[in-house]
Structure formats: structure tokens, C-alpha cells
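Spelled out, the chains give:
There are 2 protein chains.
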Amino acid sequence: MDHKSSITIHDIARELNISASTVSRALNDNPRISKGTKEKIKAKALEMGYQPNTIASNLRNQKTNTIGIVVPLINRHFFSTFISGVEDVAFAAGYNVIISQSNDLLEKEKQIVHSLFSNRVDGLIASLSMQTNEFDHFQLFSKKDIPIVFFDRVVPELEAHKIVVDDFMVGFKATEHLIQQGYKRIAHLAGPTVLHTYRDRMSGYRAALEKNNVPIDEDLVIYSRLTRIDGQDAIKRLMALPQPPDAVFCGNDTSALAMMVYLKKIGIKIPQDFGLIGFSDEPFSEVVTPSISTLKQPSFEMGVKAAELLIQEIESKNRLAEHLTITMPTELVQRESSSRLK
Amino acid sequence: MDHKSSITIHDIARELNISASTVSRALNDNPRISKGTKEKIKAKALEMGYQPNTIASNLRNQKTNTIGIVVPLINRHFFSTFISGVEDVAFAAGYNVIISQSNDLLEKEKQIVHSLFSNRVDGLIASLSMQTNEFDHFQLFSKKDIPIVFFDRVVPELEAHKIVVDDFMVGFKATEHLIQQGYKRIAHLAGPTVLHTYRDRMSGYRAALEKNNVPIDEDLVIYSRLTRIDGQDAIKRLMALPQPPDAVFCGNDTSALAMMVYLKKIGIKIPQDFGLIGFSDEPFSEVVTPSISTLKQPSFEMGVKAAELLIQEIESKNRLAEHLTITMPTELVQRESSSRLK
DNA sequence: ACTTTTTGCGCAATCGATTGCATCTTTGTC
DNA sequence: GACAAAGATGCAATCGATTGCGCAAAAAGT
Numbered sequence: 110m111d112h113k114s115s116i117t118i119h120d121i122a123r124e125l126n127i128s129a130s131t132v133s134r135a136l137n138d139n140p141r142i143s144k145g146t147k148e149k150i151k152a153k154a155l156e157m158g159y160q161p162n163t164i165a166s167n168l169r170n171q172k173t174n175t176i177g178i179v180v181p182l183i184n185r186h187f188f189s190t191f192i193s194g195v196e197d198v199a200f201a202a203g204y205n206v207i208i209s210q211s212n213d214l215l216e217k218e219k220q221i222v223h224s225l226f227s228n229r230v231d232g233l234i235a236s237l238s239m240q241t242n243e244f245d246h247f248q249l250f251s252k253k254d255i256p257i258v259f260f261d262r263v264v265p266e267l268e269a270h271k272i273v274v275d276d277f278m279v280g281f282k283a284t285e286h287l288i289q290q291g292y293k294r295i296a297h298l299a300g301p302t303v304l305h306t307y308r309d310r311m312s313g314y315r316a317a318l319e320k321n322n323v324p325i326d327e328d329l330v331i332y333s334r335l336t337r338i339d340g341q342d343a344i345k346r347l348m349a350l351p352q353p354p355d356a357v358f359c360g361n362d363t364s365a366l367a368m369m370v371y372l373k374k375i376g377i378k379i380p381q382d383f384g385l386i387g388f389s390d391e392p393f394s395e396v397v398t399p400s401i402s403t404l405k406q407p408s409f410e411m412g413v414k415a416a417e418l419l420i421q422e423i424e425s426k427n428r429l430a431e432h433l434t435i436t437m438p439t440e441l442v443q444r445e446s447s448s449r450l451k
Numbered sequence: 110m111d112h113k114s115s116i117t118i119h120d121i122a123r124e125l126n127i128s129a130s131t132v133s134r135a136l137n138d139n140p141r142i143s144k145g146t147k148e149k150i151k152a153k154a155l156e157m158g159y160q161p162n163t164i165a166s167n168l169r170n171q172k173t174n175t176i177g178i179v180v181p182l183i184n185r186h187f188f189s190t191f192i193s194g195v196e197d198v199a200f201a202a203g204y205n206v207i208i209s210q211s212n213d214l215l216e217k218e219k220q221i222v223h224s225l226f227s228n229r230v231d232g233l234i235a236s237l238s239m240q241t242n243e244f245d246h247f248q249l250f251s252k253k254d255i256p257i258v259f260f261d262r263v264v265p266e267l268e269a270h271k272i273v274v275d276d277f278m279v280g281f282k283a284t285e286h287l288i289q290q291g292y293k294r295i296a297h298l299a300g301p302t303v304l305h306t307y308r309d310r311m312s313g314y315r316a317a318l319e320k321n322n323v324p325i326d327e328d329l330v331i332y333s334r335l336t337r338i339d340g341q342d343a344i345k346r347l348m349a350l351p352q353p354p355d356a357v358f359c360g361n362d363t364s365a366l367a368m369m370v371y372l373k374k375i376g377i378k379i380p381q382d383f384g385l386i387g388f389s390d391e392p393f394s395e396v397v398t399p400s401i402s403t404l405k406q407p408s409f410e411m412g413v414k415a416a417e418l419l420i421q422e423i424e425s426k427n428r429l430a431e432h433l434t435i436t437m438p439t440e441l442v443q444r445e446s447s448s449r450l451k
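If you're matching them up, the sequences are chains B and A in order. Position one of the first sequence corresponds to residue 110 (the numbering used here), numbered consecutively onward. Position one of the second sequence corresponds to residue 110 (the numbering used here), numbered consecutively onward.
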């Protein structure tokens, strides 16, 4: 009772005294098999508890019905929500999803991408690691014409489909909102500018200032990795300036929260004395006190879109000639931390 | 330029005028191949950009190096953190992770489990859906001796390994903590009692009350699904009682937060007039005001343990006769919402 | 010089499902 | 009744990597 070799179509065939081909065709509802035989076979399959071996089928069909996902870290609200969206669509379309996290390490990302390739995923959805500055590993896929969809962290160099938000507008809207609320000296905590995302947001920030005739002060722009510590360090530095800012547009909500905690501690009133706005609408942003204004990106929908696009590409015989870039809308969520005007 | 059939070991063999067997053995560092030949082959493989076809290998080896995960929803802090832990260990051990979400639907869970089986995952890690009250679909695995590790939502009926927290102690510690802080009428917002988890926590709650000679009042126990709405409804009901409680142990942090928001709104002071403690230490619990006391479960470590146990089972020739139940420690995180004593 | 052992490698089957082509039946038509 | 056209099913190759067994050549032993 240990040699539980699964039952195969051959076992069914033997029982019924027919050929395995017929069983295979019957199970796949091939019109060449008569109705009667089909029923007999299906009944037998059920009776014997037959479970198809997807591996064998995959090998023969050169298709795995599997999508690979690469993200820096699964355990982050944006990514897990995105993945949730992908999984929903993928499941409905009959695809499995293999997930790997790069931990923001280029080396691990490379390994993962190779592994996913060897596993012959039908398509790939990826957000680059923080370290990623070369892209050869993705060529594996493009060379074999396996579709890729990048999202979030993307680079223009990549010839592939992309799902992004309009980062320029993010920076612009956030900054202009602060201006409209009457803040005068608006700082910006930026992310690593190797990433386009952050460069664009910064451009938006500058553009909003310029448009509203607010002089740009380079002291008010700080570059970091947007962690909690970074936020704390940044706000300390900013408040230590001869002319400290009275508002900050933070590259994410995490750093905005860190700033808020510090400002509260040193007795600065938010939003009366100081305005804060973040990005991405983390779950905590709504429930902290004061609640944090932010720009919400449609994480789940981005995952849905990514999966839809990828699957469409996988299943269409003639691939899109152009590489699509889908820009998803962001939404300003005004909360207490930036609501100085009534 | 469209028939980009991958290069196989046969292609390498042809180029080198040797047999495919030799190539296979060389690539796998089989001692039967001479050093010189190995080097020649590996060099050629690299030159030709050979990428092994894992599918083919899997089929032949009857092993996929893949672990299946089933969770209700990826996009939930506990689950995504758990998965992150699994992925870490799995990757290091050379396993891929296929993730599916049941959306708390029994039907979807069944489909997923079948699909993962057909994909011949080497092992399964699962948390049951809220609806799950039958377990035949898991028999597929046990019958073929494929190891399963359940976590979080488990049921005693299942003959499989389990990773859990000591829910009784959770309830007990939370309740006793409130008692020690001087609260007198302690309510409990419980989850669906079909799940053992919640039954055990309730037992802990009752035990703590009994031990401290606090009479148990059934009006103070409310059953729900622990959503935000549930929390809000529950606290309204509780506060409308002739003798409302002065503290609540909530089945999770989400409902605790909902309660807090309501209590603040109606002007009740936390923790002076009312104590709150939740469960699971959501990211927001630390940063809301007042911060929410809670019991922290080691999500990531649970994932690590689950993966380690599963992989060990997969790779050991003789399986453990016994089914292990690993109980992970929880930690009381005392924060403002329950800190009445200085 | 002859046998035994070791070393290095190839043949062919295997994993389980799929499918082009061939074969055999049945039905239909004149 | 003869022959074509469907209709139903089987044969055998295929997907790509792995491996037990066998064979030949080289090395070691007597």
C-alpha cells in the first residue's frame, strides 16, 4: 500500500479494453469519439478517481497554463493586493500563478527569472528589484517570444508591456494640493532616483511648484529609500533647517507616518502648522490620527489589468506589435493631515 | 524567426557528437562522466544558451519541486507575511511556490486543491476557507501520501501536520490582562465558532474570567465574522445593554479598531473608561491613536516552520508516523488601548 | 600474456498525455 | 450490390530529461 502510482489514461483504457488515445480524446471532448464511448469513459474515470497529470500534458502541449510573478516582497500591501488581482483573473482563465520574491536583490531576481523560465511559465509579470540595473535575464523571455508585463517599478529600456500610474501627475497633484491648502514651503521626500517612478514624481513636484510660482529650494528635497527610519531622519533634518518647511509630500505613506509621529512628538500641530501627504494609501493611513492624505493607486485593478493583458497576449496567435503602456488613474484622497482649509 | 524551439540536451549532444544521456549526466554532475567531457558539455551548454526544461524533468522524476499554498486571501497581512516566510524557505531549498486564494469559498477551495494536485505539487500548505466543513478534497493528497501542513484555520478531524497558535492561551492572556488592568465587565467579540480557533479563544476567555472570579455574562459575548462592520455593530449593541461592558477582547484587530473608532466618536475615553485588546497585531494597530493592545502571532515564522516541516516530510523517505502539531508562541503586546494602570 | 576491475559512454525505455495518420465499420447513394 | 463518404477507434511517435543495463576500452592485477 505504498506504491500509490496514480491512475493514468492507460489504466482506464485497459479496464475498458480500448486505447489510451480514445480515452484522452473522450476526456477532452473530442468530437471524433462517439457519445456512448465518451460517457462510458468519463464514468470509468470518475469511478477510478482519475486525476489528469498536468505535467505530462504540459510537456506534450508546450504550455503550462502558468503565470510567473516576481515582486520584491510579497508581504507588502501594494504587492499582495496586486497579486490578489492577478490571481483572480488567472484562476478564472485557468492559469496557475507561481510567485517569487526578489527581496529587492538583483541576484535573487535573476535566479527567479531563470527558474520561472525553466518551469516554462507561459508569461511573466514582474516588478523590478531596487537593485536591478541590468535586464539580460528578461531577454530569455523576450527571445522566445514569451510575453512579459512589467508593473510599478519599470524602466523605459524594457521592450515589454507596462502597467504604471502616472507618476508625474502623482507628484503634481500632491504638491498642488498642498499649495492649495495654503502651505508655503513644501518639501519632498523622494525615492531612489534610479527608478523612473521617483524621478517622475519629483518632476511633478517641481512642475507644481513652478506653475504656482513657488521657488524651488533644493534643501527641501531629500533622497532616501522611504523607510520609516528614512522618514524620521528626513523630517529631523528638514526641521533643523534655518527655514524649515511647513509641508512635505512623501514618496510613500510609510515615511509620511514616520514624519507624523515625530512631528506630533515635538508638538507640531498637523495640519494646522504642518501639512503631510503620502502615496499609495496604505491601510493604516486611513485610521491613524490624524489620518494621512495620500494618493491611492488601484493595486487590485492593476493586477487585474496586468493579468488580462498578459493572458490576452499568451493566447493570441499574433502578438501585439507595439508594447502597450497602460497608465492607471490615481486618486487624491484628502484626509486630515493636509486639510488646513475647512 | 518564429519557431524558437528551445535547445535541448539532444541539440547539445548532436553538436558534440555524443549521446543525450551523457549530456544529461554531465549536467547533473554524475560521477560516471569524465571531468573533461563534463567541462566540454557544460561549456557548450552555456554557449548555446541551454535552459533545462523543468517540465520534462519533473515528469520523468515524478517530482516537481513545487509547493502549493492555499489561503483564503493573499492580500491580508497575516497571510502574505506567512507566505513570505514559506517562499523564503522554499526558494532556499529549491522549491517553487504556487499560490491560490480560496476567497473563503468552499467550491473554489476544492477546485484549487484539485488543480494543485493535478499539477503534482510535492506538498501542500493550506489554511481552510471559512466555509469549509468537508475535507474530502484533501484526501487526494493523503491517499497518495503527499504531505500536507495546515495552519491557522485547522480542524482536529484532519490527519495532517498543523501549525497553530495556542488559541486558548490567547483568549486567556488577553482576558486576564484586561482584568489585571482593572476592568470589571469584559466582553468578547468572538469569531464563527465552527472554527476551533475561535472556540478555543473563547474557552480561554471564560477560563480567565472564572479563575479571577468574574461572573460570566452571556450578553457580553457576541458572535460575528469579525469584520469592521461586525465590530461596529457589536460595540453598539454592547453599549446599549443595561449594564454595558468596560472592556472588550476582540477576535482580531480589525474589529477592535472599529470599536475604538465608535467609542471615540461617542466620547468614551480609552483606556481610562474602556479597555480594548485585539488579536494578530496588524500593522495599523501600532500606529493608530490610541495604539491597540493585541496578541502578536509570529506570521513569518509560522510560514518558515510550515515550509521547513513540509519540505522535511517531502524529502524524507519514511514519513513521520505521527502528525505533528506545532504550537507557536503568541506574545502580548501591551499598548495604549488597554493600559489603564501606570 | 591473460584475466579482472574500473572507467566512460551509448541504447532504449520511461514518465503520461496528445495527435497525425492509418485502419476498420457503418451508412448512404446510385 | 458496389463503392464512396463518414464515423469511430487504434498505432506509434512526440514532448525533453533521466536511468538501468550493456558494451567496449583502458587500467590494474597476477
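Worth double-checking, as some hints may not be accurate.
When chains are identical, the list treats them as one kind, so a pair holds in a single copy or across two.
In silico lysine to any residue, SDA-like type, Cα no more than 20 Å apart, as pairs [claimed, not checked]:
# : residue 1 : residue 2
1 : Lys405    : Ala430
2 : Lys172    : His223
3 : Lys282    : Val442
4 : Lys219    : Asp197
5 : Lys253    : Glu431
6 : Lys293    : Asn242
7 : Lys252    : Lys374
8 : Lys374    : Ser400
These are computed hints drawn from the structure, not numbers from a lab.
Okay, the hints, checked on the actual structure:
Within a single copy, Lys405 and Ala430 get their C-alpha atoms no closer than 32 Å, and across copies no closer than 51 Å, so neither meets the 20 Å cut-off. In this homomeric assembly, Lys172 and His223 come within 20 Å of each other (Cα to Cα) both inside a single copy, at 17 Å, and across copies, at 19 Å. With identical chains, the CA atoms of Lys282 and Val442 are at most 20 Å apart within one copy only, with a shortest distance of 11 Å there and 39 Å across copies. Within a single copy, Lys219 and Asp197 get their C-alpha atoms only as close as 26 Å, which misses the 20 Å cut-off; across copies the closest is 15 Å, which meets it.
Within a single copy, Lys253 and Glu431 get their C-alpha atoms as close as 17 Å, which meets the 20 Å cut-off; across copies the closest is 47 Å, which misses it. Neither within a single protomer nor between protomers do Lys293 and Asn242 lie at most 20 Å apart by alpha-carbon distance, with minima of 37 Å and 60 Å respectively. Proximity of Lys252 and Lys374 under a CA criterion of 20 Å is satisfied in neither setting, with 55 Å inside one chain copy and 60 Å between copies. For the homomeric pair Lys374 and Ser400, the shortest alpha-carbon distances inside one copy (16 Å) and between copies (15 Å) are both at most 20 Å.
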